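There are 2 protein chains.
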Amino acid sequence: MKDAIPLNEAQRMVLHHAVQLGTERIDLLQALGRILSNDIRSNRDHPPCDISAMDGYAVRAADLSVVPAQLIVIADIKAGDLPTLKVEAGRCARIMTGAPIPQGTDTVIRVEDTQAIAPDKVQINVIAKAGKDIRSRAENLRTNEVILTAGTEINPGTLGILAMVKCAEVQVRCRPSIAILSSGDELEGLHDAFDVNKIPDANSYALMAQVQALGIVPTLLGIARDDLNDLREKLEQGLQYDVLLVSGGTSVGVHDFVRPTLEQLGAQMHFWRVQMRPGQPVAFGTTKHCKVFCLPGNPVSSMVCFEQLVTPALRNMMGHARIFRRILPVRLTQAVAHRPGNVEFVRVVLSRDDGGYLATPTGSQSSGVLLSMARADALLVVPSACDGLEAGVKAIVQLLDGTEFEEENRGIE
Amino acid sequence: MKDAIPLNEAQRMVLHHAVQLGTERIDLLQALGRILSNDIRSNRDHPPCDISAMDGYAVRAADLSVVPAQLIVIADIKAGDLPTLKVEAGRCARIMTGAPIPQGTDTVIRVEDTQAIAPDKVQINVIAKAGKDIRSRAENLRTNEVILTAGTEINPGTLGILAMVKCAEVQVRCRPSIAILSSGDELEGLHDAFDVNKIPDANSYALMAQVQALGIVPTLLGIARDDLNDLREKLEQGLQYDVLLVSGGTSVGVHDFVRPTLEQLGAQMHFWRVQMRPGQPVAFGTTKHCKVFCLPGNPVSSMVCFEQLVTPALRNMMGHARIFRRILPVRLTQAVAHRPGNVEFVRVVLSRDDGGYLATPTGSQSSGVLLSMARADALLVVPSACDGLEAGVKAIVQLLDGTEFEEENRGIE
Numbered sequence: 005m006k007d008a009i010p011l012n013e014a015q016r017m018v019l020h021h022a023v024q025l026g027t028e029r030i031d032l033l034q035a036l037g038r039i040l041s042n043d044i045r046s047n048r049d050h051p052p053c054d055i056s057a058m059d060g061y062a063v064r065a066a067d068l069s070v071v072p073a074q075l076i077v078i079a080d081i082k083a084g085d086l087p088t089l090k091v092e093a094g095r096c097a098r099i100m101t102g103a104p105i106p107q108g109t110d111t112v113i114r115v116e117d118t119q120a121i122a123p124d125k126v127q128i129n130v131i132a133k134a135g136k137d138i139r140s141r142a143e144n145l146r147t148n149e150v151i152l153t154a155g156t157e158i159n160p161g162t163l164g165i166l167a168m169v170k171c172a173e174v175q176v177r178c179r180p181s182i183a184i185l186s187s188g189d190e191l192e193g194l195h196d197a198f199d200v201n202k203i204p205d206a207n208s209y210a211l212m213a214q215v216q217a218l219g220i221v222p223t224l225l226g227i228a229r230d231d232l233n234d235l236r237e238k239l240e241q242g243l244q245y246d247v248l249l250v251s252g253g254t255s256v257g258v259h260d261f262v263r264p265t266l267e268q269l270g271a272q273m274h275f276w277r278v279q280m281r282p283g284q285p286v287a288f289g290t291t292k293h294c295k296v297f298c299l300p301g302n303p304v305s306s307m308v309c310f311e312q313l314v315t316p317a318l319r320n321m322m323g324h325a326r327i328f329r330r331i332l333p334v335r336l337t338q339a340v341a342h343r344p345g346n347v348e349f350v351r352v353v354l355s356r357d358d359g360g361y362l363a364t365p366t367g368s369q370s371s372g373v374l375l376s377m378a379r380a381d382a383l384l385v386v387p388s389a390c391d392g393l394e395a396g397v398k399a400i401v402q403l404l405d406g407t408e409f410e411e412e413n414r415g416i417e
Numbered sequence: 005m006k007d008a009i010p011l012n013e014a015q016r017m018v019l020h021h022a023v024q025l026g027t028e029r030i031d032l033l034q035a036l037g038r039i040l041s042n043d044i045r046s047n048r049d050h051p052p053c054d055i056s057a058m059d060g061y062a063v064r065a066a067d068l069s070v071v072p073a074q075l076i077v078i079a080d081i082k083a084g085d086l087p088t089l090k091v092e093a094g095r096c097a098r099i100m101t102g103a104p105i106p107q108g109t110d111t112v113i114r115v116e117d118t119q120a121i122a123p124d125k126v127q128i129n130v131i132a133k134a135g136k137d138i139r140s141r142a143e144n145l146r147t148n149e150v151i152l153t154a155g156t157e158i159n160p161g162t163l164g165i166l167a168m169v170k171c172a173e174v175q176v177r178c179r180p181s182i183a184i185l186s187s188g189d190e191l192e193g194l195h196d197a198f199d200v201n202k203i204p205d206a207n208s209y210a211l212m213a214q215v216q217a218l219g220i221v222p223t224l225l226g227i228a229r230d231d232l233n234d235l236r237e238k239l240e241q242g243l244q245y246d247v248l249l250v251s252g253g254t255s256v257g258v259h260d261f262v263r264p265t266l267e268q269l270g271a272q273m274h275f276w277r278v279q280m281r282p283g284q285p286v287a288f289g290t291t292k293h294c295k296v297f298c299l300p301g302n303p304v305s306s307m308v309c310f311e312q313l314v315t316p317a318l319r320n321m322m323g324h325a326r327i328f329r330r331i332l333p334v335r336l337t338q339a340v341a342h343r344p345g346n347v348e349f350v351r352v353v354l355s356r357d358d359g360g361y362l363a364t365p366t367g368s369q370s371s372g373v374l375l376s377m378a379r380a381d382a383l384l385v386v387p388s389a390c391d392g393l394e395a396g397v398k399a400i401v402q403l404l405d406g407t408e409f410e411e412e413n414r415g416i417e
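Chain order of the listed sequences is A and B.
When the count follows the numbering used here, it moves up by one through the first sequence with no breaks and lands on 417 for the last residue.
When the count follows the numbering used here, it moves up by one through the second sequence with no breaks and lands on 417 for the last residue.
Hints are supplied without guarantee of correctness; some may be wrong.
What the hints assert, rightly or not - Under the rule of at most 27 Å between Cα atoms (straight-line distance), these lysine-lysine pairs were calculated in the BS3-like manner:
| id | chain 1 | residue 1 | chain 2 | residue 2 |
| --- | --- | --- | --- | --- |
| 1 | A | K170 | B | K202 |
| 2 | B | K90 | B | K133 |
| 3 | B | K136 | A | K202 |
| 4 | A | K90 | B | K202 |
| 5 | A | K398 | B | K398 |
| 6 | B | K125 | B | K90 |
To be verified - Partial list, derived from the structure: chain B residues whose beta carbon lies under 8 Å from chain A:
| id | residue |
| --- | --- |
| 7 | G102 |
| 8 | L194 |
| 9 | A206 |
Just so you know, the hints here were simulated from the structure itself, not pulled from any lab data.
All of these numbers come straight from a predicted model, not from anything done at the bench.
For every residue, glycine included, the Cβ atom is placed at its ideal position computed from N, Cα and C.
Taking the hints into account, I'd like the entire structure generated from these sequences.
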């Protein structure tokens, strides 16, 4: 168990244990980003009848064999009306977008293609084939038809559909409860007095933000000191959650109490080292109820390990089919050195190129330099077997949080 | 004002008015995704002194001219210690990751490259040059140096840095208050009794979700009926917010009360039609305090207009530099017909290709088919002057919400 295992094997082990959680019923207003746990059927036909797609006139196409044609306007139909009239030859009805098509008509002529002659007379200037600008009954949704399947992520469009079939509440996959614990005598908490010799605890907060970005509000358990009782108590508390993230405590030194204490508390540790950089010392274990990740004390290593191992686990638990970061093909602006052995994640910024994206490393890749993570748009993936990437070659990057938007407005012309 | 204006001109007009809001002080725990309104300076050197990057032994490189070399271990230094000893030739200190480098030493040898001979004696198996595996004082942050500038988006890495310099509260750009109003007699509210002849109000909820995806919780004002007093009262209420979204009410028919009522209430309307599809009838106006958008009643048109006009406006108000959707280069799997005139947004799903992404239209592009929006990964941008795109050509798409992740784990090997 001391040997480092390949990252994709570590991911498989994590996903084997981090299985999807149960379900809960929540208000539609809180449902964005959640996963449906049941199929959803339509409770209605939509549209409920043939309706107009435009503001204009409902006509009989046969009346327009010669244009311009003048028609008598016998009604004025708006959305929400229930017209009972029948439109005979030579007649038509003024009609609004979304309004029911009256009996006898088969076509809508948009208002722009007409000319009002008198209050009850209109001139139609164009011919049209039957069915034009009419939305058919049940074209969008048919009563009782399954319209969304279990496992669907609720995006804004999906949420609109759920409102359309009147699901004011929805049954969705639960989100895991998550605790975050830092460890180490050298750490200074966010609200502790300033001590020039201490290291401020950044990891708890960066991890918190990574968890928040997945839509979960974690509990911060604070800092466990290098004291067996304190550590044991805080770990015991953390193991009550679905997921426990322990920042620091992955070193192999004599001061590392985390591992034996976790084992005493009943955790079975599945791996302790992974062939990745940054982040080699990263551990994963399970109790009956809890998934525990021990993340490196270096802030960048901690964040990269979270991205590669914790994010897919959490998204899997929440029922997402899409659990891995979207990757982008890029071209490198400079060479990236690499010795075979570990998969390496290089922090890069993206820029624009004729055909797509260029990636440039953010500078120092030291795992202590959190600024480089803050500035990065993406992580360049350097495969374990690679012996370096030359400038100009194609490569792939994983997009990071906060990169869904860009400054330039491209392509809108 | 009745003529349709080009989309990029409409965007420029909207951004001219939707300027960035004021600032507020918030807790760091709530700061993810917000924009810093002030420069942030470091309150400390980080690391506070030279520290070890590894678990191992702090040694004098000069002692390792011949290896293996045996050294006397005179101390045991862990993170948080403040060693006062000086290490002389032939001696070394056991040291933990993050612990201060003791005087006299200049190199760290990782524990894997050593062998314990006795409790106070270690054999070093490798040579090393001075400075190896040592992190220099202030390598990450230097006291008083500006480390984050005003305008920076708070991503997880940034949030970690803010914790590192003990910003338990941060000054950030405000988020706009937003009201959403639907209009039309034909609409049935989410909690109204089922009526087979009515159209369920999906737009309010899809718009709500689009707003939520930007980190803002909007207020739903419900449905204004085709009654002047009701409409006037609800619009007046909506104009109290920073932004008012009116769903429906963009038609040019006689039943459209929205425009005159807005003008009576003091709104200056800047445009009423935009050269885009779906979404042509979309309006934008301003009062002294409020930005008001009238969005089409068709759910897809409404969502696409929100993406192109409201999203950049809201992100601009919140102080983001990145206000437009990230675009991806793709290759089309099938031809897309287009007549020059409007910029068109075609809902597509993405799939994978050797070099990058393929885009395939979701099927019916009727603006009533909200399911196609729910299923879409992205919007294919067809420029206004284009007279159709052939299968196989390169094109660009805008990524939609919920597409930051994908099913396959690509590149991790």
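To see whether the hints hold, each was checked on the structure:
| no. | hint | in the structure |
| --- | --- | --- |
| 1 | K170(A) / K202(B) | holds, 12 Å |
| 2 | K90(B) / K133(B) | holds, 20 Å |
| 3 | K136(B) / K202(A) | holds, 22 Å |
| 4 | K90(A) / K202(B) | holds, 21 Å |
| 5 | K398(A) / K398(B) | holds, 18 Å |
| 6 | K125(B) / K90(B) | holds, 17 Å |
| 7 | G102 | holds, 6 Å |
| 8 | L194 | holds, 5 Å |
| 9 | A206 | holds, 4 Å |
When each numbered hint is compared with the structure, no violation occurs for any of them.
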